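Please model the entire structure based on the sequences and the hints provided.
Number of protein chains: 2
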Amino acid sequence: MATLREISKKIGISIATISRVINGAENVSEETRKKVLKALQEYHYQPPQVARKKLHYLVGIIVPNLLGNHYNMISESIELELSKHGYDSFVTSTHLLLNKEIEILEQFFSRRVDGIIICTTKNDDKHIEKLIRSAIPVVAVDRNDSDINVDTVGIDNYHSAYIAMKYLYNKGHRDILFVSGEREVYSAKVREKAVIDFSKKYEVNLKILEGDFQFEGGYSSIKKYLEKNGKDFSAIFFINDQSALGGTRAIYEAGYSIPDDISIIGFDNDKYSKYLYPPLTTVHQPRKEMGENAAKLLVERIEGNGSKVKRKIILPTEIIERNSVKEVKK
Amino acid sequence: MATLREISKKIGISIATISRVINGAENVSEETRKKVLKALQEYHYQPPQVARKKLHYLVGIIVPNLLGNHYNMISESIELELSKHGYDSFVTSTHLLLNKEIEILEQFFSRRVDGIIICTTKNDDKHIEKLIRSAIPVVAVDRNDSDINVDTVGIDNYHSAYIAMKYLYNKGHRDILFVSGEREVYSAKVREKAVIDFSKKYEVNLKILEGDFQFEGGYSSIKKYLEKNGKDFSAIFFINDQSALGGTRAIYEAGYSIPDDISIIGFDNDKYSKYLYPPLTTVHQPRKEMGENAAKLLVERIEGNGSKVKRKIILPTEIIERNSVKEVKK
Numbered sequence: 001m002a003t004l005r006e007i008s009k010k011i012g013i014s015i016a017t018i019s020r021v022i023n024g025a026e027n028v029s030e031e032t033r034k035k036v037l038k039a040l041q042e043y044h045y046q047p048p049q050v051a052r053k054k055l056h057y058l059v060g061i062i063v064p065n066l067l068g069n070h071y072n073m074i075s076e077s078i079e080l081e082l083s084k085h086g087y088d089s090f091v092t093s094t095h096l097l098l099n100k101e102i103e104i105l106e107q108f109f110s111r112r113v114d115g116i117i118i119c120t121t122k123n124d125d126k127h128i129e130k131l132i133r134s135a136i137p138v139v140a141v142d143r144n145d146s147d148i149n150v151d152t153v154g155i156d157n158y159h160s161a162y163i164a165m166k167y168l169y170n171k172g173h174r175d176i177l178f179v180s181g182e183r184e185v186y187s188a189k190v191r192e193k194a195v196i197d198f199s200k201k202y203e204v205n206l207k208i209l210e211g212d213f214q215f216e217g218g219y220s221s222i223k224k225y226l227e228k229n230g231k232d233f234s235a236i237f238f239i240n241d242q243s244a245l246g247g248t249r250a251i252y253e254a255g256y257s258i259p260d261d262i263s264i265i266g267f268d269n270d271k272y273s274k275y276l277y278p279p280l281t282t283v284h285q286p287r288k289e290m291g292e293n294a295a296k297l298l299v300e301r302i303e304g305n306g307s308k309v310k311r312k313i314i315l316p317t318e319i320i321e322r323n324s325v326k327e328v329k330k
Numbered sequence: 001m002a003t004l005r006e007i008s009k010k011i012g013i014s015i016a017t018i019s020r021v022i023n024g025a026e027n028v029s030e031e032t033r034k035k036v037l038k039a040l041q042e043y044h045y046q047p048p049q050v051a052r053k054k055l056h057y058l059v060g061i062i063v064p065n066l067l068g069n070h071y072n073m074i075s076e077s078i079e080l081e082l083s084k085h086g087y088d089s090f091v092t093s094t095h096l097l098l099n100k101e102i103e104i105l106e107q108f109f110s111r112r113v114d115g116i117i118i119c120t121t122k123n124d125d126k127h128i129e130k131l132i133r134s135a136i137p138v139v140a141v142d143r144n145d146s147d148i149n150v151d152t153v154g155i156d157n158y159h160s161a162y163i164a165m166k167y168l169y170n171k172g173h174r175d176i177l178f179v180s181g182e183r184e185v186y187s188a189k190v191r192e193k194a195v196i197d198f199s200k201k202y203e204v205n206l207k208i209l210e211g212d213f214q215f216e217g218g219y220s221s222i223k224k225y226l227e228k229n230g231k232d233f234s235a236i237f238f239i240n241d242q243s244a245l246g247g248t249r250a251i252y253e254a255g256y257s258i259p260d261d262i263s264i265i266g267f268d269n270d271k272y273s274k275y276l277y278p279p280l281t282t283v284h285q286p287r288k289e290m291g292e293n294a295a296k297l298l299v300e301r302i303e304g305n306g307s308k309v310k311r312k313i314i315l316p317t318e319i320i321e322r323n324s325v326k327e328v329k330k
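Chains as they are written, first to last, in full-length UniProt numbering: chain U, 1 to 330; chain Z, 1 to 330.
Hints were generated in silico from the structure; no laboratory data involved.
Since this is a predicted model, take the numbers as computed values, not measurements.
Errors might be hidden in some of the hints.
Claimed, not checked - Subject to a maximum C-alpha distance of 25 Å in a straight line, what follows is the list of computed SDA-like cross-link-like pairs (lysine to any residue):
{"id": "1", "chain 1": "Z", "residue 1": "326", "chain 2": "Z", "residue 2": "192"}
{"id": "2", "chain 1": "U", "residue 1": "223", "chain 2": "Z", "residue 2": "277"}
{"id": "3", "chain 1": "U", "residue 1": "224", "chain 2": "Z", "residue 2": "271"}
{"id": "4", "chain 1": "U", "residue 1": "326", "chain 2": "Z", "residue 2": "255"}
{"id": "5", "chain 1": "U", "residue 1": "228", "chain 2": "U", "residue 2": "204"}
{"id": "6", "chain 1": "U", "residue 1": "326", "chain 2": "Z", "residue 2": "253"}
{"id": "7", "chain 1": "Z", "residue 1": "312", "chain 2": "Z", "residue 2": "162"}
{"id": "8", "chain 1": "Z", "residue 1": "312", "chain 2": "Z", "residue 2": "42"}
{"id": "9", "chain 1": "U", "residue 1": "310", "chain 2": "U", "residue 2": "37"}
{"id": "10", "chain 1": "U", "residue 1": "271", "chain 2": "Z", "residue 2": "8"}
{"id": "11", "chain 1": "U", "residue 1": "84", "chain 2": "Z", "residue 2": "68"}
{"id": "12", "chain 1": "Z", "residue 1": "308", "chain 2": "Z", "residue 2": "8"}
{"id": "13", "chain 1": "Z", "residue 1": "271", "chain 2": "U", "residue 2": "37"}
{"id": "14", "chain 1": "Z", "residue 1": "308", "chain 2": "Z", "residue 2": "85"}
{"id": "15", "chain 1": "Z", "residue 1": "224", "chain 2": "U", "residue 2": "277"}
{"id": "16", "chain 1": "Z", "residue 1": "271", "chain 2": "Z", "residue 2": "232"}
{"id": "17", "chain 1": "U", "residue 1": "271", "chain 2": "Z", "residue 2": "42"}
{"id": "18", "chain 1": "U", "residue 1": "271", "chain 2": "Z", "residue 2": "279"}
{"id": "19", "chain 1": "U", "residue 1": "228", "chain 2": "U", "residue 2": "192"}
{"id": "20", "chain 1": "U", "residue 1": "271", "chain 2": "Z", "residue 2": "254"}
{"id": "21", "chain 1": "U", "residue 1": "271", "chain 2": "Z", "residue 2": "253"}
{"id": "22", "chain 1": "Z", "residue 1": "274", "chain 2": "U", "residue 2": "34"}
{"id": "23", "chain 1": "U", "residue 1": "34", "chain 2": "U", "residue 2": "304"}
{"id": "24", "chain 1": "Z", "residue 1": "224", "chain 2": "U", "residue 2": "326"}
{"id": "25", "chain 1": "Z", "residue 1": "326", "chain 2": "Z", "residue 2": "184"}
{"id": "26", "chain 1": "Z", "residue 1": "308", "chain 2": "Z", "residue 2": "68"}
Shown next as structure tokens:
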């Protein structure tokens, strides 16, 4: 393990420049940056407070917000796994920071985090690029963009949405509504693409309603649709279980029953989903395992045992069959 | 603003001892501790990184876990309010730390938090006492224990449970089930007391079922009760909305409808509660305002404008009347 001074001497680059690289500053040439990062890795450089005081490693977890289920469960699992390795961790919401990307960087660098796990699917998070440019190890969850040069953990959203459609299709459904999520969210875009592709291939009569991953979007989209068009479909695929819960109320309010009149399938397998009435058939997303794997990848990176190439871990999803989908005549 | 050295000189106590007080160590006499704390306040002592670098203040928020709704919504609101004041914040789950009270202390002190907001209702959190003994400003949410010497924000759990019972009573219900929460949780204990007191006073035929604030406890307690006793009641008061959601499934599975056969009322007003079918009548708990108030109290303490005496802010709750309670013959 070498100090900055020693590394500076060895590679003939000033400490100030090395610091700029560590802190992700932009006024460093790409060539210099690569040289510095290589040297930091080679000489197992560790931030001073770790080397000096043997404090616990500290990991910052970035989530879009704390209000849903998805990122809470993933970050809970990350924290649990990190604590097994003796790491400290904390969670920060990006939505609190809005466009203040400088603040999040400042916070992370000034608090000297040893690693970062990014759990956010929006594609316009520019601060993530800065983080990736820095010397701090980063693992991304739910971001399978091939152009991100970090280890990632996620599910195959395309395949998962495809099997949900296939499940409805195999139960005889040919007129299907899909309640979508915001399209700037990576997973929403990909799931929608799968739904469209499937429908084209199997000649499903598909209608797409705009949703938002929230209870309200599920409720209002179905309510409006039923008011305008009546029940000209036999099944609904909701982008997530929250939308499905909201949609359920709209279905009941319009006087239909589930699954006798309308079959529904969700996505996620939220904690409450098996307590809904009828219990919700859904695609299980392995959030616990996503968190565990992300934590393990990061620990490897921080402790210098990480792979030389970036790794992309895709975890399996599965249909959880309950009682909200009925077989209909084909 | 004075440095430790200056304060040490002025009050004639060594820097080492002052540091021990700041870090909540126990090997300091009560007299010395008080003297030091008074001096720190008087001379507006600030941790070195704040004084030196003008970093943002950092607040640690302690919650039992990230998985429910209650503490997530409160901490989201705390973080939003703190960010308006230019503060940074992070969230830590106590359940990850188990009995490792030393670790949480070490983490907080080593990361140099400027203030702490404790959102946890278990009465056996011994580390909280240590935090309170330290010089770091602390605000507690959901802990109205009169023996805690810090500012607190909460609701009147007794009154809130009492008015829920009164609501059912006024609708004609005289045979009522109460699904409780774990009794080591402060709010559960107090709500249960109110339910018992009300029932005695108004001669309600009360039965108490053991629950756990979770979907499962609501489901299994009602399921078992109905299997054993049948429907010998007309209404259920669930300790929270999650229990009510779980209980709903047990009611439907047994072939009863809500509210025609069984009326139910929850507590919290969770985000999904208005999307349940029927929409759930419940006691609204002002989590957003609880978080905001806690953040404001802490900011005042950190910036030295806090009250000399401890403050206890009790926020109002209210019944949100939806469609899960029916009027019955008295």
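Identify every previously stated hint that the structure contradicts and give their numbers, smallest first.
Hints 10, 13, 16, 17, 22, 24, 25 and 26 are the ones this structure does not satisfy, whereas the remaining hints hold.
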